[in-house]
Structure formats: structure tokens, C-alpha cells
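Engineer: Residues per chain, in single letters:
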Amino acid sequence: MIELEEGIRKGLRIIPIVDKEIRQLVRDPKTILMVLLMPITVTILFGYGYGGKGAGKYPITVVDLDGGDGAFKFIQELRNSKMFEIKAIYKSKGQGFSSVYSGKVYASLIIPETFTEDLMRGRPTRVELYYDASNPTVAQMIMQAVGVVTQQFQEWAASQFGTFAITPMFYTVYGPKIKKIESFIPTLMAMILQMVPTSLISVSICREREKGTFEQFIMTPVSVFDIIFGKLTAYFFATISDAILSLFTAILLFDVKLKGTFLDMTIVSTVFLLNSLSLGLLISVFSRNQLQAYQASIFSFIIFMLFSGVLIPVDVLSSEAKLIASFVPMYYFVTAFRNVSLKGWSYLMVLDQLTVISMFTFAFLALSLRFLRMEVT
Amino acid sequence: MLEAQRLEEQPELAVEARNLTKRFGKFIAVDHINLEIRRGENFGLLGPNGAGKTTTIRMITGVIKPSEGYVKVFGIDVARERKKVLKYIGYMPQKFSLYEDLTVEENIRLYGRLQGLTGSLLKERVKELLERFYLWEFRRRLAGKLSGGMKQRLALATALVHDPALLILDEPTAGVDPPLRRKFWEHFRELNREGKTILVTTHYMDEAENCDRLALMNRGRIIAEGTPREIKRKALGGDLVEIVFEGDLDPAALPGVKSVLEDSSERYLLVVEDAGRDLPRIVKRAEELGAKILVASPVHVSLEEAFIRFMGESE
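For the protein sequence lines, the chains are A and B, in the order given. Each residue of the first sequence is one higher than the one before, counting from 165 in the numbering used here. Each residue of the second sequence is one higher than the one before, counting from 3 in the numbering used here.
Some clues are possibly wrong.
As the list claims (entries may be wrong) - Below 20 angstroms or equal to it, Euclidean Cα-Cα: the simulated DMTMM-like pairs (lysine to aspartate or glutamate) are:
| # | chain 1 | residue 1 | chain 2 | residue 2 |
| --- | --- | --- | --- | --- |
| 1 | B | 147 | A | 372 |
| 2 | A | 194 | B | 103 |
| 3 | B | 153 | A | 372 |
| 4 | B | 86 | A | 228 |
| 5 | B | 236 | B | 306 |
| 6 | B | 74 | B | 103 |
| 7 | B | 153 | B | 139 |
| 8 | B | 97 | A | 539 |
| 9 | B | 67 | A | 539 |
| 10 | B | 85 | A | 539 |
| 11 | B | 89 | A | 390 |
| 12 | A | 375 | B | 102 |
| 13 | B | 97 | A | 374 |
| 14 | A | 246 | A | 192 |
| 15 | B | 97 | A | 390 |
| 16 | B | 147 | A | 192 |
| 17 | B | 74 | B | 130 |
| 18 | B | 286 | B | 268 |
| 19 | B | 147 | B | 107 |
| 20 | A | 375 | B | 103 |
| 21 | B | 89 | B | 196 |
| 22 | B | 89 | B | 130 |
| 23 | B | 286 | B | 276 |
| 24 | B | 125 | A | 183 |
| 25 | A | 251 | A | 228 |
| 26 | B | 89 | A | 228 |
Just so you know, the hints here were simulated from the structure itself, not pulled from any lab data.
Please model the complete structure; the sequences and the hints are all you need to start from.
Structural biologist: Right, here's the structure in full:
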């Protein structure tokens, strides 16, 4: 028997599979939703939720040591100015300071003990503003606004109680060096690079089984290798935009300033993206239907969130939890990406983490190749 | 095309199954069946839904593994050397199995490429198939937007993309309108004339009359096998003839009669060994006995009747 007809090519069949997968991805409205809309939406939500832009108001805290009517009236003036969002009113200076130190608010305004009394007697008095100097633009705005409010208050008080002065005193405090949104970029990237690619590719094989297309597909001389690497390549192209899009959204909309170079961040993201896709493929190989695949992706995502240090730093976890974290690729990514994006390290300095992530990728792919059955059930 | 040369070197049997068995847990879907499909034959696998036809087909195409026994396609063991055998098989599964989000042309092209066709060979082949199955004007339409009949034509075109020597069709006309069904069978016969071996399953008994040979399946077993005529003869134990007469006539006195199916005063429905040989003898003998024969003719038996008889026996 003749082995092959002339013109029939032997070898890999990855390219037609990549071609097919990309066509299907482009035509699936779900792809647009997941690859384009979700990263942007999540980034925007994060930006507004953690970026401190609020609704144009600056979050501050007030320490009311006076407790009298004068202080009450002054706090009302602050609120009326519509410039501030008063997050809390404390009774001690310490609480006020720590709210600035922790980066929760930009400033804390302290109203001294004798404020009301001084006011009523026409004596000069003051308010103290402790502001976070790590963000000069915001600090400037807050000082100006406090100045305006104080002046208005003084005019009112002068007409009521006679001539005197209220002096705003400004003190510098250094809060966290990094703005909130920046510190959340590694978390954001980890989420987007984990959830979207894994869940998107996790249905790719079991959907073919469910719809019956797998039966025809495996009647061609495609190999397990062709299927796994064909799908991996296609989904990689479709989801790499995911990572880039999120970064750009953050940079453009929230004025995020990252120290890492674009190249370094892309290399680290790519290594992790391949890992997420491989995990998704493995899920797809073992899932009986699309629902199961989605459930498995979400379940793995929850585990990853809990043990990757994005919610609670891994250092403070119990030793058992640390052990689990060591099996979570996302943990290594968050560490690596944090160093690259926030500290400006080169990807070469996080090669350890990248190696571990790649080992997981390799394991996921090897298992997928081993267990993908060229059969129907 | 090297088709002819390739076929010459192939063994006589296109499909050979021995003790083929498939169990799903305790349920035996296919129970030790033997099948021999000769090269060039148009072979039908007939039976009700759930008889095990699709499972049998799937073991022949190798998309499921037998629990016992083996299948050879052109002498190649399917379970052991599946990849080698794939290029000789064109398969059209029961359920539409192409990509609904790809166009007609993209589907055929994809399968052409997966089968290893490239360049101008691929281009020509795709065009040829689109034209042959009247799909040219719909080539840019998504497969999911096609009517049932067009989907089936696309599935057939795709199954043929690599010019396979054996075409396996699982319920190709299920859900297709009767006039279109006839058109499909014309396609099949044409492909058969071109030298392709065809294995087709159906539960439409009238369609099965088109096959060279048939196997009747019920509950995972093959309960009868042969040409349509042989199967009918086997079901009845012979040929069916009708005799209408005047006067008295004892059927037991007639030659070649094996059994009496109907006995209404002056009309008999008889089973004889061979209608062509026995009918003239019966007429002669009846007249010798003094009866006047008004009608004496062979009766057409439908496969359905034959099948129902076999089913009754196998219960």
C-alpha cells in the first residue's frame, strides 16, 4: 500500500488549527466581552475604587479635640465646601496620623482643644492640617481648599464674635510612597491574566466534545500535540491584548506611573499568560462539559486569589497556607510583577519566579498531552 | 489520482470486524458482532434507534475503543494503527459535527488542510466539492445558518475532501425531507459507482433497498445479513406467493409449500422455497386437483416486514 498520496503533507497540523481557532474566537461575542471589555471594566473599577479619585473629593479625616459648637460648625463648613470626603472623625491625634500614614486618606485636619472657647472670646486660634507630601499635587489642592474654608469660617466668626484670626497650620507627613492604584497594578494584572485566559480556553476542548465537532475533528490525522499547541497559540494571540489593554487603561485613565519598562512587564506577563492558558487547557481536557470547565476555572481562581498574596500577604499566612501558596503560580507572578513594575527591576532579576511559573506551565501542558483522549464518549 | 492504484493493492475486505463488542458499564451496546464489507460494496447497517449502529460505526472509525474484538479497515487494525487508517475513511457522523461559526468554504478548507492538502491542490479540491454538492453560492454562509439538507451536503462534501476509499455515513438522511433523501441516495450510488466502498446506517427500511448487502441489527446483535432479497427470504423461510382460485384446494397438497400465511376461503398467501420454480408447479398441480386458478403471483415483501419477523424471532 502506498503510504501517502502525492501532495498530501505529513507532519504537524498546528497552523490550520490556529487559523480555525482565531476565526472562531473573533466571531464569538463572548471573546470581545471577556478579552476587551472585562479588563477595561475591571481596571476602571479598580482605578476608581482604589485610585483615590473618588467623585472629585479628597478623602480626609478630622480629629476633633474640641468637641464644641465651633468645631461642629467648622466640620460642617468642610463638608459644605464639597472638596472633601470626611472618612472619619477621631478624638485623638494618633488616629488622625495613622490614617494618613497608612495611605487611607490624603490628610487629617486637627481642631485644637480650645477652639470653641477661643472663638467665642475673640482670641486668635488655629487649625492643623497633617498632609501626605508624597503626592504634591493633591497636597497643594488640599492646602488651598482648607485655606479657603478657614477664611470663610473666619469671616463668619468675625461678624459674630469680633475681630480675631484663625490660622491654618500645615504639617508634612510621609504616607506610603506609592499611590494606591499603582500598588494594585500587580493584583489587577494577576486577576486579568488569570481569570480571562483560563476560563476562555477551559471550554475550548469540552465545547467541541459537547457540540460533537470533536468526533469529526479527530477523524483527521491531527495529533494530541497539534490540538494542544494549536489552541494554546491561538488563545495566546487572542489574550495577550488583554494584558496590554489593562496596562494602557491604567496608565491613561489613572495616570499610573510604573517604574518598570514596557518590555520587562510584557515578558513577565507573557510567561504568566502561558501558564494561565495551560491550566485552562488542562481543565478543558478533564471537563465533561462547558459548565464544569467554568466552575473549575472559577474555583482555581478563588484558590489563587486567596494564596497568591493579593488579598493577604503570604508572609503573614500560616505555614500550611504558605505551603499551598508555593503551589500557586499566581503567587510567583505577583511577586515578580511587583518587583518589575513598582521597583523597576529587569526581568532578569525575577528569573527565579519566571522559572517556577514555567515549570508549572510545562507540567500543565505535559498532563494535557498525556490525558487528552482522541475518542468520543 | 492514485486512487485506482492504491485500491488494487488493498485487500479484498474494506471492513472486517470480529467479535466486536462494546460495553458501557453493565450495558452491552454491541455484542460480539462479525462484519465483512467487501471493497466496492454499498453496505447498509439497518436497525431501530438504540440497536447499536452508531456504536458499531464509531468503533470502525476508531473514535471509541472496542471492549473486545477488533476492526480492520483495508487490513489495518483500527485500534492499533488508527492514524494510518484515517486517510482511507471519510466519515459523516449522525449529528452535524462541523463548525457552525465557520463558513461553508472555511469548513471544507479546514478539513482539507487537516488532511494535509495544500496550495493549488487544496484550492481545486474545495472548489470541486462546493460545485458538486451545490454549495458554491452558499460558500460564504456560516454553517450554522444552513438548512438541514444543506448541512448534510456540506458534511458529505467535507467527508470526501481527502478522496477516501471508504465512506462511512451514519444516518445521513435522518431529518431530511423525502425528495432530498432520494437525491442523497443518488449521490451515494454515484460515489459507489466511482469505486468507493460505502457503509451506511439507516432506520428507513425503504432506503435500505438501495444497498448491495445489509446487516440487520437489534439490541447490539446482528440478527440477519445478506442482500435485501436474501434477507426477506430468510425472514419468511422462502418466497411469498399469492393464489386466488375457485373450487376446493388443500394447500398441503401443493408442491414446494412451506407454510400458509393467510387462508381466506378462496385466497391463499403461501411461503414457497423459490417463487420462480414453484409457482408454475403449483398452478399445474392445482388444476390437476380441479381448482381454477384466477391469480398466481409472487408477492413483494418489504424489508420492514422482514425486519419485524426477525425482531420477533430474536426476542
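Engineer: List, from low to high, the hint numbers that the structure doesn't satisfy.
Structural biologist: 4, 6, 14, 15, 17, 26
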